[in-house]
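Residue numbers (the working numbering), protein chains in the order written: chain A, 1 to 457; chain B, 1 to 457.
Hints are not guaranteed to be accurate.
Which copy is meant is left open, because identical chains are indistinguishable; a pair holds if it fits in one copy or across any two.
Below, a list of computed lysine-lysine pairs in the DSS-like style, where the Cα atoms sit at most 25 Å apart [said to hold, decoys possible]:
#  : residue 1 : residue 2
1  : Lys48     : Lys359
2  : Lys342    : Lys316
3  : Lys170    : Lys14
4  : Lys172    : Lys80
5  : Lys316    : Lys10
6  : Lys164    : Lys316
7  : Lys36     : Lys10
8  : Lys359    : Lys170
9  : Lys48     : Lys266
10 : Lys170    : Lys10
11 : Lys36     : Lys316
12 : Lys14     : Lys48
13 : Lys164    : Lys272
14 : Lys359    : Lys342
15 : Lys10     : Lys359
16 : Lys170    : Lys36
Since the hints were made in silico from the structure, they are not lab data.
Number of protein chains: 2
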Amino acid sequence: MNEETQAYLKSAQKQQVNELIEWLRIPSISTIPAHKPDLLDAANWLIKNMESSGLENVELIETDGHPLVYADWLHAGPDKPTVLVYGHYDVQPVDPLELWETPPFEPTVRGDDLFARGASDDKGQTFIHVKAVEAFMQTEGALPVNIKFLVEGEEESGGAEIAKYVPKNKEKLAADVCLISDTGIMSPTQPIITYSLRGMWAGEITVMGPTSDLHSGMFGGAIHNANQALAELLAALHDTDGRVMVPGFYDNVTEMTADERAVLAKVPYGDKELLAISGAPAAYGEPAYSVVERIGARPTLEINGMWGGYITEGFKTVIPSQAHAKVSCRLVPDQEPARIGKLIDDYLQELAPETITVKVESRGAGAPAFLAPMDLPAIQAAARAYGKVFGTEPVFKREGGGIPIVGDIQRELNMPVVLMGFGLPDDNLHAPNEKFHLPNFWRGIETAMVFMEEIVG
Amino acid sequence: MNEETQAYLKSAQKQQVNELIEWLRIPSISTIPAHKPDLLDAANWLIKNMESSGLENVELIETDGHPLVYADWLHAGPDKPTVLVYGHYDVQPVDPLELWETPPFEPTVRGDDLFARGASDDKGQTFIHVKAVEAFMQTEGALPVNIKFLVEGEEESGGAEIAKYVPKNKEKLAADVCLISDTGIMSPTQPIITYSLRGMWAGEITVMGPTSDLHSGMFGGAIHNANQALAELLAALHDTDGRVMVPGFYDNVTEMTADERAVLAKVPYGDKELLAISGAPAAYGEPAYSVVERIGARPTLEINGMWGGYITEGFKTVIPSQAHAKVSCRLVPDQEPARIGKLIDDYLQELAPETITVKVESRGAGAPAFLAPMDLPAIQAAARAYGKVFGTEPVFKREGGGIPIVGDIQRELNMPVVLMGFGLPDDNLHAPNEKFHLPNFWRGIETAMVFMEEIVG
């Protein structure tokens with residue numbers, strides 16, 4: 001990258017952040033139906049910015065859910081590779097709102113950090129690539145590669161529409177490699193190449209006892225309390241080592257090789273880092289695996305939400321009629337989401353005593369896990385780009401989260417996927433006070449540009 | 001009871017109901033601060049009615065909460081017993097309002113039933129004793145016993161003021177027996193003597209894991225989910241037979257004698273009745289005890305409310321920072337509420353793994369259980385009164401609920417308590433469409449009168 005480009009990037013930093021702040025003001029929470037108009041606003045804002053950044057054929061694609069955004073620039077020549085950039089403009093819900101130091105949709109810079117819902121996940125990281133295009137156009141008037149963008153508004157709510165769109169638009173989306181920035185690195189000075197993502201199954205468990213809430217004086221001792229019955233079922237999902245007790249759960253889990261475990265052992269993250277970031281009193285989970293392996297290479301079953309009976313201020317001595325849990329599994333290769341849902345249902349039906357009934361309802365189709373070979377040329381190009389911009393060689397890691405569309409892109413479009421993230425472990429994704437570390441935002445734009453140069457070869 | 005009195009009671013029925021309807025129109029909901037003036041209105045209405053019924057020294061007693069009402073008639077002579085009648089003029093909230101067939105404070109007679117909030121609990125049952133006094137005064141010009149009334153306005157909201165008043169006014173309230181109508185009978189033709197009430201300990205359990213909610217992708221598998229940890233702790237509170245597993249929980253439980261179990265076996269209530277009323281798929285609880293025994297004579301530990309993580313619409317893949325449960329125990333003689341709270345705390349601290357912390361906070365001081373010997377002369381007098389008026393001998397039963405003041409009266413005023421109720425199982429206490437069965441109201445007045453005659457001996 002020449003000095004002129006370096007100077008441009010330096011001079012453009014403030015404007016880039018101001019534009020991102022504008023986008024972050026739009027509360028595009030995809031899981032809450034009342035925010036539907038905000039999703040459309042966020043998509044349209046992106047379209048305008050893409051156009052002014054030099055992208056072409058910018059298009060709002062209506063769907064049965066929230067719209068997709070497409071754009072491209074295809075003038076590098078047919079001998080040059082084509083990169084498909086994926087991102088998402090929708091964000092997570094914001095509760096508990098009272099824990100935010102500044103409101104989630106009033107983006108605020110404190111020190112080197114920009115605080116707002118979506119700052120890192122994923123508006124900020126998606127925007128990196130739009131600004132990388134703009135930087136090339138402003139300095140060179142052209143990109144070293146052909147580029148296509150596909151940005152969705154349902155990543156946080158299941159991604160149903162993009163999953164339908166991709167298989168029907170294989171030619172339009174054809175490319176040599178898919179590039180996604182929706183993951184994290186270790187620290188501002190230690191980049192990471194993520195070569196695996198966990199998949200997902202999600203569902204809701206409902207325990208039903210008496211037909212309405214009962215007075216515990218009149219019935220207590222002779223009726224199975226639905227809260228208690230749910231707790232008893234949920235407690236049977238794990239053993240004391242954190243291993244999931246659902247029969248068949250681990251049947252198709254691909255074990256790591258010794259070589260891979262050696263690579264993962266280089267990730268500078270263990271109990272100490274985990275506890276410092278989370279504030280938990282002690283680490284949890286399968287003793288035979290390191291923390292990095294537990295998070296990246298082992299499946300889980302989490303109780304994301306749980307409720308039943310009288311849960312507001314005061315006290316009411318009820319025996320609740322129903323109790324509920326929202327649960328989800330992070331899956332690894334080669335677990336199938338639908339099969340996992342069925343195994344959980346079968347197990348709970350088997351455990352359920354005659355005093356209650358239980359039902360398990362899947363939410364969406366789930367997503368399989370993703371795994372890419374570490375020696376893929378595109379992954380090696382990303383490693384060189386990180387090394388040049390950050391001045392440190394990246395480590396290789398499996399990510400514990402998922403990006404639903406990654407499996408579809410790999411499978412349907414038959415192209416390798418490179419996960420080049422710029423988030424940090426303390427970015428508070430899906431939590432109050434989400435932030436993006438602005439030096440990473442700017443280094444991200446530069447790394448995206450160097451990646452395009454490196455992939456040309 | 002002579003024919004003249006019988007004729008009087010028959011002629012007075014309509015007027016008695018009309019007066020009760022007037023009282024029921026006042027929405028004296030003690031748990032809702034906006035209704036404070038209505039509580040005062042309800043107390044003053046009672047005072048006027050007591051005066052016109054022939055009671056003396058009628059007094060509104062101001063408190064830091066809702067007022068108490070006192071009245072007496074003490075001219076039977078020092079050789080005659082003194083009866084202290086307790087009742088309450090406050091009522092439960094009325095939501096969900098849309099489920100009432102007629103408005104809760106527009107009392108309506110349909111068939112033999114009077115529908116209104118408070119009709120049975122406890123304005124109607126308290127009023128029985130005022131009208132019994134009036135009937136004696138109108139026919140005999142005197143009562144066979146000395147009588148005192150103490151009526152509170154906070155029974156549904158904790159009863160803090162009467163609990164302070166009673167120990168400070170032992171001489172004023174001195175009597176030979178306390179008579180309370182705030183319980184039920186089996187059916188219009190099957191009276192019940194309730195000789196035991198369960199006590200109460202209540203508290204809140206909080207499990208604390210990481211300092212804030214975490215992304216299950218970034219941490220799942222290496223952090224103990226607070227919902228899961230709470231479920232694991234709550235599941236350890238009972239064995240599969242419904243026995244409470246807290247060490248020491250049953251230490252001071254007084255076991256029933258074979259004689260008492262034979263008496264309770266006569267209560268016509270079992271699995272069939274329990275399931276018909278509750279709609280539960282099967283009965284629950286300690287197999288060695290009948291349903292009537294489990295509800296009346298065995299202690300419980302109920303999870304009245306439970307919540308943690310993401311519990312609103314949509315889905316969020318969080319690992320929650322905290323999880324909560326509101327729990328309460330129905331206690332039997334001779335369990336001490338404070339000791340039970342400590343045993344639960346000790347047990348949970350012992351069970352808690354190092355991956356989380358747990359705290360248990362008691363709510364209020366709790367209440368011990370109440371048990372009166374069945375052969376108590378006052379209870380035998382009540383049994384004879386029921387038998388004469390209803391034409392059927394009463395069965396003897398332990399009630400599963402509690403009346404907070406009963407323990408205080410027994411302990412502080414050192415007198416036996418007779419629970420002589422006239423409610424029915426389908427009176428919809430604390431629920432929409434509360435009612436009082438009018439034949440029970442009138443039989444109640446007669447039974448109260450016969451009780452006074454019987455207790456003189």
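Here's how the hints hold up against the structure:
1. Lys48 with Lys359: neither (46 Å within a copy, 53 Å between copies)
2. Lys342 with Lys316: Between. Shortest inter-copy distance 21 Å satisfies the 25 Å Cα cut-off; intra-copy 36 Å does not.
3. Lys170 with Lys14: Neither, since 38 Å and 79 Å both go past 25 Å.
4. Lys172 with Lys80: For Lys172 and Lys80, the Cα distance is within 25 Å only inside one copy (17 Å; across copies 101 Å).
5. Lys316 with Lys10: Neither. Shortest intra-copy (61 Å) and inter-copy (38 Å) distances fail the 25 Å Cα cut-off.
6. Lys164 with Lys316: Cα proximity of Lys164 and Lys316: across copies only (23 Å, versus 47 Å in one copy).
7. Lys36 with Lys10: Result: close neither inside a copy nor across copies, 36 Å intra and 67 Å inter.
8. Lys359 with Lys170: neither (39 Å within a copy, 56 Å between copies)
9. Lys48 with Lys266: neither (43 Å within a copy, 81 Å between copies)
10. Lys170 with Lys10: Neither way: Lys170 and Lys10 sit 38 Å apart in one copy and 85 Å across, limit 25 Å.
11. Lys36 with Lys316: Only across copies: Lys36 and Lys316 sit 17 Å apart there, 37 Å inside one copy, limit 25 Å.
12. Lys14 with Lys48: Within one copy, since 19 Å is at most 25 Å while 78 Å is not.
13. Lys164 with Lys272: neither (42 Å within a copy, 53 Å between copies)
14. Lys359 with Lys342: Close inside one copy (11 Å), not across copies (36 Å); limit 25 Å.
15. Lys10 with Lys359: Neither way: Lys10 and Lys359 sit 57 Å apart in one copy and 52 Å across, limit 25 Å.
16. Lys170 with Lys36: neither (28 Å within a copy, 67 Å between copies)
Hints 1, 3, 5, 7, 8, 9, 10, 13, 15 and 16 from the list above are not met by this structure, while the remaining hints are.
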